[in-house]
Structure formats: C-alpha cells, structure tokens
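*Asks:* One letter stands for each residue in the lines below.
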Amino acid sequence: MSGLQALNANLPVSGLPAVDRGVLRFLTCGSVDDGKSTLIGRLLYDSRAILADALHALEASSRKRGLAGIDLSLLTDGLSAEREQGITIDVAYRYFSTGTRKFIIADAPGHAQYTRNMVTAASTADLALILVDARKGVQEQTRRHAALAHLLGIRNLVFVVNKLDLVGYDPRVFEALQGELEAFSRSLGVARPAFVPISALVGYMVVSRGSHLDWYQGPTLLELLEAAQADRSQAGRPFRFPVQLVCRPRTAGQAEFRGYQGRITSGAVAVGDPVRVLPAGHTTRVAGLRLLDAKLSHAVAGQSVTLLLEDELDISRGDLLASVVAPPARALDLEATLCWLSERPFDPARPLRLRHTTREVKARITDLAGRLDLRSLALEPAAGLKANDIAEVRLRLQAPVFVDPYRADRATGAFVLVDEASHDTVAAGLVRAVPGGRP
Amino acid sequence: MTTTQLEPITLTHLDWLEAEAIHILREVAGQCAHPALLFSGGKDSLVLLRLAEKAFRPASFPFPLLHIDTGHNYGEVLELRDRRAAELGERLLVRTLDDSLARGTIVLQRPDQGRNAFQSITLLEAVAEFGFDALIGGARRDEEKARAKERVFSFRDAFGAWDPKSQRPELWDLYNARIHPGEHIRAFPISNWTELDVWQYIEREGLELPEIYFAHEREVVRRGGALVPVTALTPSRPGEQVERISVRFRTVGDIPCTAPVASRAATVAEIIAETATTSLTERGATRLDDQTSEASMEQRKKEGYF
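Residue numbers (my numbering), protein chains in the order written: chain A, 13 to 451; chain B, 30 to 335.
Simulated from the structure, these hints should not be mistaken for lab results.
Nothing false has been slipped in among the hints.
Below 35 Å or equal to it, Euclidean Cα-Cα: the simulated DSBU-like pairs (lysine-lysine) are:
(1) K398/A x K148/A
(2) K374/A x K194/B
(3) K398/A x K194/B
Treat the numbers as computed from the prediction; the structure is a model and nothing was measured.
Just chain A, same shape as in the assembly (with noise of 0.2 Å):
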C-alpha cells in the first residue's frame, strides 16, 4: 500500500491545504477493455476517494456478475443502464484530491458510436489520458481519440500504455508503441505528448512506482497529473470578458451602482484598462473589480467578478468586453468544424440558434464542405450529417458575434448550436476562420 501513503502524505490535516494548486480537469479515453475503467477505479481507490462502504457495495456487486475479485470498473458505470449492459454510456465525472491539487476527471465511453460523449468530455479538459493496451498495440480508436482531444484543443496528450503485466513488462512493447505514437502525434500537430507504461490492474505506475518497471525512468502517472499545465492557468492572451448580467440594484445607497458581471474567459484586467464594448464599439476603461466585499486590482482568466466601467454605456447581457490592443473578430459567417451530437439528422428545414459565450443568435449552415471520416482522418465529400459525424462547415448568422479561432482561444472560439423547435442542443462548433475576416 505504499501508493496511498504517497497520496494522503499531503492529505489535510485540518483546514485548508498550505500549497494548493488549483483544479487540473483530465478525460480518460481508450478503446473497448483497454482498462480505462480500471485505471480510474485505481486512481480513486490508491486515493481513498472510494471509501469502505462504497467499496462493499462494489464487492457485492461483483460476486453478483459472478467476478473473483473486486472489479473497479463498476465504480464509474453509474446507470442501471450501463450496469446491465457492462458499458458505459454516458460521460461520468469523478474527483480525488492529493491535498495539494484536485482532480476532475471526466469519463468519456470508448464505443465509436459515442464520439459525442468523448467531444462533451474533451471540451472542459486540461490533459487527455489515452489509454493503448500493451498485447493490442495502437488501434483506430487511439488515433481517432488523439485527433479528436487535439481537434478540441487539449495540449496536455498522454499515451498510456496499460497492461504491462500482460506483456511481461518488456520494455521493446512500450518503446515501440512510442515510437508509433509519436510520429502519428506529429502528423497531427501535437506538440510533445507524454508516455507512461504502467499496469491499473496491479498498480504499477499510477500511483507507485511498483517493482517491475525500473526500466522506465519517467514521472508515475500520478505525478504527471500532479505536475502538467492547466490550460486556463495561460493567462497570456488577450483579455475577453462576456456580460452575463448587469447589476443595477437601484436601492438607497446604491443608486449609482451599475456593474458587469461575468467569468473572465481568457487574459487578465486591471482597473484603469482600457477595453473594447462589442458590438456596440465603444473604448472605455474599467473603474473597478469586485467580488463581494473585496476590491481587486486585477484579475485573471477564470475568476468571476463584477465589472465597474468609467462611462455609463448601453451594455446588457450577450455583449463581450474585450482587449483593446487586440480584440476578436466580429463574424457574420462562420467557417467551423462540427460535430453533430443529436440523434435527429441535420435536416436544413430546421431553425437553429448559435449559441457562444452569453451570446445567442439564429444561425443557417450554408455549407458543408465534408466529413472528417474517423478511419483515415481525411476529409471526405458529405450529403448529410448524423450523430457523431465531425465536419467543416459554414454558417450564416443572423447577428454578428464576436470570435477567436478555437486554436488560440478556447471560449470565444467555441459554440453550441441548439433546435428552435425541440430546445435540443444539436451540435458542438469550433471556429476555424472568419471568411474574409481577421483570423
């Protein structure tokens, strides 16, 4: 049980944790029996984050499916559905703490029928684990989850190579299949993905180091996590603020009140700031940030505050306060890569809403210039779209919304597009350039 010292040495002993680095957000993927499951079960468990009775109900739920031992896959299938099936089906979230960092992470099924689920869990997260067992070497769905976590903008990839036990932990299988990886990583972009080999089964790598692995001289699975970037801790781009609400209170004392509030989505302000007013133009400089009672200075990408401005200016909800120096582009038309998540076809009849940051708008795909076929990663001519389909399109929009590429901006380059008629959301889109526009 070494792995569990490990992991409550930083555990609270009371209060709040002296060092606290913040929320890392990962999503586990894998084909079918690559043991993801498993491994998840293995981080919560060398964790504690599954306690005694949790663990019982486990047990018994174990010996019901007939199983020897404790099957920690069960753990993450939460629905009756799911339990009978022994699939999962939905995006499960789950979270372990070290004391020094929490841990969200999002469960994405590895069925290639749900590629929607993998989108959904992939567009919250900071790193990807990708799960290759050992006996099977790289699969379709490896690739295809590679290119879907970089589709999604996830720059934390990391290949990890499970079943180790099952080879006899030779290193030739691991070397190899990064040898494979890292070449195919390089045909699509990704900068410097991690590899780790390890077995969730015994333990080895996630979270100790183990005894048959000495031969690899990396960081544990555990320690990786512990150690990788969180995507919004890059404050360095320019600042976007979207307006979720006015405050305009219009009580004793407060008459004069009028702030912004929002979640700041990318860059940092500081009061005296000029910013930029979309739509309606205007350039102004912040008075104030508030949380409460406190008073900032300044703030940064993921803190949600309320905004005070010098001028008194027509803002409402849906606008975007953004950097002066450079601001986003205003659209009218979209060239985005989609990824239709409803079970109803696309069907052009049907009114869409666009719906990005607090904005919302009526939007038309004017064209759809092909589907990403998920075997060779090629574009490939389109009549329709169906679930699960990824494809280039273009859009048309009925008021302009205010953009980033996806690439450089993670907020302001992504939208939802949701049916006016059933409410559903239909479809996730990542802006890839404004045409005739700036990005």
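Given the coordinates of chain A, work out where chain B should sit on it, guided by the hints.
*Replies:* Relative to chain A, chain B alone:
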C-alpha cells in the same frame, strides 16, 4: 498594458470552484425567467447562499429561496434557515408535505414513514404553483453514481422527470436552459464539489452552520449498521439499547431517514480532518433511504426527486 507588472494570480481549488459556481448561478439568472433556489438551512444550501451573494450583490437575488419542508426537520436547522434568509433580506417560500397530505396528493402508509421520497410531489406542486422554470439545488456529483452523470443544467419534462438516457449534451460552459411551458431545469452550481471542498469552503468563508453538524451528545440506538437518533418521531424499539454518545450529522434532512455519525469533531477544522480520513461515504453512512438498491437514487431522480 498595466496588467503585466501585477502580481500573478493563482487560483486555488476553492477559487476555481467558486468562480465556476458563480458563473452557473448567473447563467440561471440570465437564461431563466422564474428560477428559485432550494434552501433548507443545511450545509450545501448555506454554501449556495454564500455563492449567490458573490454572484449578485449589491443587488438582491434574482430569485426567491424555496424550502420543501417534510415537517420532520430539526428545529435548529429551520431556525438558521429563517434567520439567514432574514439577515440577507431575501424572500423565503416554504411549502410543506402537510399541504400535500391535506390535499390527498400524498398518502402515508404509516404515520412514522420516512418522508424524503414524497418531497418530490410537494416540490413539483410548488413548481406548478409559482410557475418556476428553474430550480437551483446543492446536489453534488460525488454524492452518488447516478448523479455523477447528471448535467449541470439538467432538463425535467412536464412530469418533472429526469431521463438519464436522453440528456442534453453539455459542452464547455455553454448551458442550455431553453424549455417549453411546463418543463423546467434543475441547475447544480456545486456539481463539481466534493464533501471535503464544501467543508473547506465553509472554513474559508467562515459560514455559520446549524449546531447539529458539530459533535454533541445525543441518544442513539444502533440499527442496521447505522446510528439512529432517538427522537419523538424515531423512538427506540423494544430490545434496543439506547446509548448517549458524541455524534455529529454529516447531512441533514428528514429526521426518520438521516443518521448521525460517531464523532468528536467540534470545529470546522476538526471536521475537515475527519472528512479527509473517513472511511465511509457521506450518503452511505448517513442516509437510510439510499441503501435500498444499487439504482435507488437513479430511480427516484427519474420520478422527480432532486
């Protein structure tokens, strides 16, 4: 830009969770016409109230507080519920199971029957009465397996039911609260918090909690692996031995289905230490109604339970 010379800001895990929750609360206010925030006086809903202050002050909340009272709640919890609402100057609506019993929409098999499962009936009656299109609740994904898969903005059909197999996709922080008349949204701002996060936030913010969350002497009996408090509603049964021991509640709700745990933790810091090293889950140790079957929470949520 002036920003480059300033101290870099590192968000702690609580800063991040708080900012996310504030964003969710503001999205509810921005997208929904008639929301309500479920407030019981319990620890999770007291955290929600603090987050709402941070989201909306200096304005008042853009929604009333709503409590569905089973009629079997601890007095000190209700006292704090009423006092907090008054201190904040916010409107508190209370609907009780007794209203539904009087209407005949709830029929109890026994007078001492656990009332938690019936809360959803009174809740849906309140939704209809006030025309709420969104209910904000303090449920967390770490509480239970079915909840681990529930969206932050969770759609409820005209019967108040949750269908886990046809949930709306939820990507980035783009939440979809569009509904038809009669349907509603349940929004969960602290979805991504764990029990430990909640206690650490209570510590950081110095929030007042009902006394029963802290260690106190209480008469209990041991029944089916749980400590059952001896109250007028839940007397000891023949043959059971009544003990007086130091306990605290980890979760607070309907008296007949909420059990305390043995504990000497009398301060928030001591509770954090205990939570970090406990060996039992929050609901497992303390909720007498969740242990019925593997899928009991999912089943109740499908029927409109929170």
